[in-house]
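Based on these hints, arrange chain B on the given structure of chain A.
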Amino acid sequence: MSLTTADVKRMAHLARIEVSDDDAEATLKKLSGILKLIEQMQSVDTTGIQPMSHSQDLVQRLREDVVTETNQRESFQAIAPAVEDGLYLVPKVIE
Amino acid sequence: MEWEVVIGLETHTQLQTKSKIFSGSSIAFGAAPNTQASAVDIALPGVLPVLNKEAVQCAIKFGLAVDAEISPRSVFARKNYFYPDLPKGYQISQYELPVVGKGSLTIHVGASAGNENGYEKTINITRAHLEEDAGKSVHGASEGMSGIDLNRAGTPLLEIVTEPDMRSAAEAVAYAKKLHELVQWIGICDGNMQEGSFRCDVNVSVRKKGAEKLGTRREIKNLNSFRFMQQAIEYETRWQIETLEDGGTIQQATVLFNPDTGETKAMRSKEEANDYRYFPDPDLLPLQITASDIEAIKAVMPELPADMKARFEGEYSLSAYDAAALTASRGIADYFIATTAAFGGDAKIAANWVMGAVAAKLNEEGKDISASPVSPTALASLLKRIADNTISNKIAREVFEAMWAGEGDADHIIDKKGLKQVTDSGAIESIIDEVLAANAAMVEEFKAGKEKAFNALVGQAMKASKGKANPAQVNELLKKKLAS
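Going down the list, the sequences are from chains A and B. Each residue of the first sequence is one higher than the one before, counting from 1 in my numbering. Each residue of the second sequence is one higher than the one before, counting from 96 in my numbering.
Isolated chain A (complex conformation) (with noise of 0.2 angstroms):
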């Protein structure tokens, strides 16, 4: 599978990352040898392996049910840009 600028631009302003032209090319590199590499481990036979979703061998554990959170608002809200009324203010979103 080969990759374009316009797949890296793409891929940038999915992750709202700003990406120059140059960036762009150099990421192109950089990105093309990763799925090489990619390429390479899917040529090996796999059969009878069941896929992996973590490294680690373990499950996960549960939480009981119970609210152990106390409101800390104040303290959050100290350190946020923009507050009014309790919410956090962002520039207008328009549905």
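Treat the hints with care, since some could be wrong.
Chain B regions said to be covered by chain A (calculated; three or more residues, Cβ under 8 angstroms) [what the hints assert, rightly or not]:
id : stretch
1  : 107-118
2  : 122-134
3  : 144-150
4  : 241-249
5  : 371-383
Have a look at the derived ranges for each label pair, beta carbon to beta carbon [as the list claims (entries may be wrong)]:
id : chain 1 : residue 1 : chain 2 : residue 2 : range
6  : A       : Ser2      : B       : Arg372    : 13 to 23 angstroms
7  : A       : Leu14     : B       : Thr311    : 54 to 64 angstroms
8  : A       : Val59     : B       : Lys456    : 49 to 59 angstroms
Everything labelled a hint here was simulated from the structure, so no lab data went into it. Predicted model only: the values in this text are computed from it and were never measured. Beta carbons: idealized from backbone N, C-alpha and C, even for Gly.
Below, chain B without anything else, positioned relative to chain A:
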């Protein structure tokens, strides 16, 4: 040209836990903004999610209720997108390996044109997965700004997805209602649609009748009432058919329903909104559910509505219709069971009263059965007075009205109002004598062979006794007198 509509549903049910799915914040509704948003919920760096056991148990309960496969191993994934009410920049959901797999739910679609008795249909459930809810945006808080309340962020949801199995708005609404009752029945969701505890997204497409290939679908988002769902699907179906008949094509889109105009309209498409780049969340290990976990939940599961319906038909000899009505909600079923248990007599009588008098009053006053002023034990004590002939069925209605109005228990009202049935045959005989004397014409008619005149005489005698005479005795004594 005959068209066919194809519908599938995705329903977000808010799970009835105390705390969030990945943090120990409360999920109580209506708190002041951001007072129930912890470091995990607002995505401060360095925090880790820890899965809530109760949310997993709710998912298992649902899986059992729709006879589904429950995955021994399921995986949480990140669904990546940017929106201010999603502080992490991703929603923790499940993608390739959901907790609940294929199941099914049988619905009853009510009578309609061409279907006088309604019909049953089994809707296949594709999957159900656990995920977290996002926060809320509040518009108009400040000029040019939006306010963000993260109290809802991290609230546990079970998203239930069906196959495109429904073929009309009526079927979709019947499914949604059935699911709504079921999640409340098994106690995993409070079903409060106003507060957003049960929200439906409906996928609608049309195709020519007989065609195999599905048409392009549009998704109607966030329907929170069954009436709106019906209207939205009907409008959307008409719109798609008209568009195609006019030679147009359908573009895949997300649409919103406007209750004021009754129309659906495409949302300004969020650019590349559907590229979520899912991947397994490295912060969470695979969720393991063992056979013994499932057995433990089975042991505490309530009897399901379908099983209870079958039991009512067998154990109490109720008709399928009555059994269905009495198991329409957990509240009605519990009320009926408690009434029957306290009454100890014929369950059919209890069934008739619950579906008749009680349902009528609740309907009239727009009340839920949990708010009935007449408790099952109170109703049972009234039914006992019918069974032991203290009062007639007709008088019982009068007593019931008084009980509903809060005038006391059945015995007290019967006593106070002097409603006790007259069973003294001497007293009844003298009433009948008076009636016969006053209605000589009717007596003649009866003797001339008019059977109807007999019923009229019974009516007169009942009226003369103010409804208190035992009807069976009146019948018997009247027959005797007329024959002599």
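Results of checking the hints against the structure:
Chain A is given as covering the stretch 107-118 of chain B, and this holds because 4 residues of the stretch bring a CB closer than 8 angstroms to a CB of that chain, at least three being needed. Counting residues of the stretch 122-134 of chain B whose beta-carbon sits less than 8 angstroms from any beta-carbon of chain A gives 8, enough to reach three: the coverage restraint holds. Three residues within the 8 angstroms Cβ limit are the bar, and the stretch 144-150 of chain B against chain A gives 6, so the coverage statement holds. Under a criterion of three residues with beta carbons nearer than 8 angstroms to beta carbons of chain A, the stated coverage of the stretch 241-249 of chain B is upheld, 5 such residues being counted.
Residue count for the stretch 371-383 of chain B with a Cβ under 8 angstroms from a Cβ of chain A: 8. That meets the three needed, and the coverage hint holds. A beta carbon spacing of about 19 angstroms between A:Ser2 and B:Arg372 agrees with the range 13 to 23 angstroms that was offered as a hint. Between A:Leu14 and B:Thr311, the C-beta spacing of about 24 angstroms breaks the proposed range 54 to 64 angstroms. A beta carbon spacing of about 53 angstroms between A:Val59 and B:Lys456 agrees with the range 49 to 59 angstroms that was offered as a hint.
In terms of the numbered hints stated before, the structure departs from hint 7 and from no other.
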